[in-house]
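A.B. asks: Construct the complete structure from the given sequences, taking the supplied hints into account.
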Amino acid sequence: MSIKQGMKMEDSANKVEVLSAMALLEIEKNPSSQKEPFLLINQAIRTAKKISNNQSLAMAYNTKAIIFREFSTFSQAVSFHQKAIKLSEKSTQESDKVNFLLDLGATYRVSLDFENAKSSFEEAQALSNTLQLPILEVISYLNIGFLYTSLEIQDEALPYFEKAEKIASENSIKDAYILAIIGKGINYSLGNDPALSKAKKFFVQAVTSSKKNEKKYFEGVSRIFLGRTYLRMNKISDAYRQLNSSVGLLEKYKYKPVLKVEYRSLDDVMKFRNFYSQALSYFNSIKYYRGEISQSQYNAAVKEELELFGNPDQDELEQLRDALAELKNHYSFLDSINQLDEEEAVYLLKNYLDQQNNKMNSLESDRSYLKKLLEETEKAAKQKIEILEQKNQLQKALISKQYWAAATLLLLLVSLGVVGSLQYKNAIQRKKTNLELKARNEKISEQNFEIRSTANQLEDALSSLQHQSKKTEESIHAGWRIQNAMLPAEKSFSDFFATHFVMYQPRDIVSGDFYWVGQKNQQTIIAALDCTGHGIPGAFMSMMGNALMNQVVNIEGLTSPSEILAKIDKYIAQALHQDENEDSREGMDVAICTIAEDKKSLQYAGAKNPLLVVKNNGQHEFYKGTNRHVGGNRVKNKQKTYEEHNITIDSTDTFYIYSDGIQDQFGGQENKKYMRKQLIEDLCKWNQLPLAQQKENMIKKFDNWKNGSKQIDDILLIGFKC
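In the UniProt record's numbering, the protein residues as written are 1 to 722.
Read the hints as simulated data drawn from the structure, not as lab findings.
Below 30 Å or equal to it, Euclidean Cα-Cα: the simulated BS3-like pairs (lysine-lysine) are:
1) K271 <-> K677
2) K86 <-> K260
3) K198 <-> K163
4) K83 <-> K615
5) K4 <-> K254
6) K599 <-> K567
7) K174 <-> K271
C.D. replies: Right under this line is the structure:
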């Protein structure tokens, strides 16, 4: 049914239900467009009010809340959930309130408000228990379990999965029973290697139960988790078989929903719609590293995966990165792996310098070793010479004593001829000893000469490498001076903002991250940009990005963030011939804010880089931006515009724009990523502090998190108040 046909339906509860379902379907068809979903749901609300049907109105309100959640407008989403819950208390359909509470909990979970999420799920569980609605009680327990697994709190998650399993088993709720078993497996997979055997056990149980009950979709899902577990256990062949099976099982479900509406609240943690794409990605990766498909075949497979995923953002591809990391432990095709890494150019110069430093260190070590060897050889030679000379003297003394003793004892018995014979033999022995000593000395001299020659060669090579390294480092430092001169001066920020901070820490000497601030037509524009790569490649892109920002804003006069992004996207594609050259993937992640002259409103648009708004009470609003770079390869027929948000400014609001450097840093006690949710929690927690103190706290916590390990990406975080 088309939108037009739905709008023309006769006013009824059925029309409200159809329009609400169509609104959610429009989000799946075009996740970046708000027009059609809100057009449909607003008509559904008007219809429900017109026919005075509170149950239909409550359902429409709840659907509108879900739409707001999809577009990261969480405060409005919570408000409409609560309106739906309040209306449902007057309805005779008692299960509605439980479903609305579950959806409210999911919204809180997506917005990282975990305390309220748990409270909503617990209220849903208690109410479903009172109303004797076992399927909704099981789903409530599953939600709490998955809430704890998302926080990686294993001990708290397991009891809820066990309760869900028990109720599902007693009431023959097959789908929920399998989800509870999968949840237990996921819970154990969060642990260390010994816990993987338990995770495998539950995933095997989920496969068995799915086959027994002819639940092919759940069998495919279970085999994905089992295959990933085999990867972590270094059993690549077993993983290959499981993932191969999962692709075959899930293929027919890739374009259609498979779960009842009751399970909707689990979608943000389980991502049901992405399981086929996920299985295909793991399977193609293993086939490629096993050498079963060529590079061109693998590239075609990756394009298919991206189309199925809908070009996912960083968080949605986390599992795929985990798969590649696991595969790297088993195959040595590092060059091929780097081709998949969109930051491949980053490491070239850095690795070159590291290699030169390693060579120099090795040469220094060899030189020191050879010098020591020479000293020890000369010392040993002197000792041997002394020993041989002493031996010779002792032999002389012994011969002398023997001679006189023999002469005395045998004077009367031995003739002069015998005495002469003895002297001849002693002379021969002395000559032999002297020749042996001379040969040893000559050999030692030859060795000393070779050692000195090798040491001189090593010293020349070391000097040459030091010279090359010095020249390269001087060039990089010159680039650093140019890049720093390009960045906005401190006075620019002070002129435009009441207070601010900039946390800017390149991974290498020069950076792929940069920031820009300026004013046009009495409006202030600020941008945080993260270019492809770090170091030299990233620095080149940042120079281009800075020039394009000046061109588009200062010369062409654009102030709309979405229009600025679209124009930069176009210029990068033209400059790097990206429409013709598929190998050119360079681009930028960008967040741009334009503040009105009266500082009462702000426009934001993002290309991957988000905007965080923290209120005075510690609550926050998070805007993800459009899930698309500026520049870089693009899937054909995909959206090429950037969504723009209009935000009303309160004088107490604090705004943050940033790159992904902090949240992607590995560290902590378990060497895990910092993650976006921890960054948001920190900024909300420090909201009452001056911005300068917030910056100091962030630097200190980030350094403690790294704990001496290497910084993996450039860091950029900007906080400001209008």
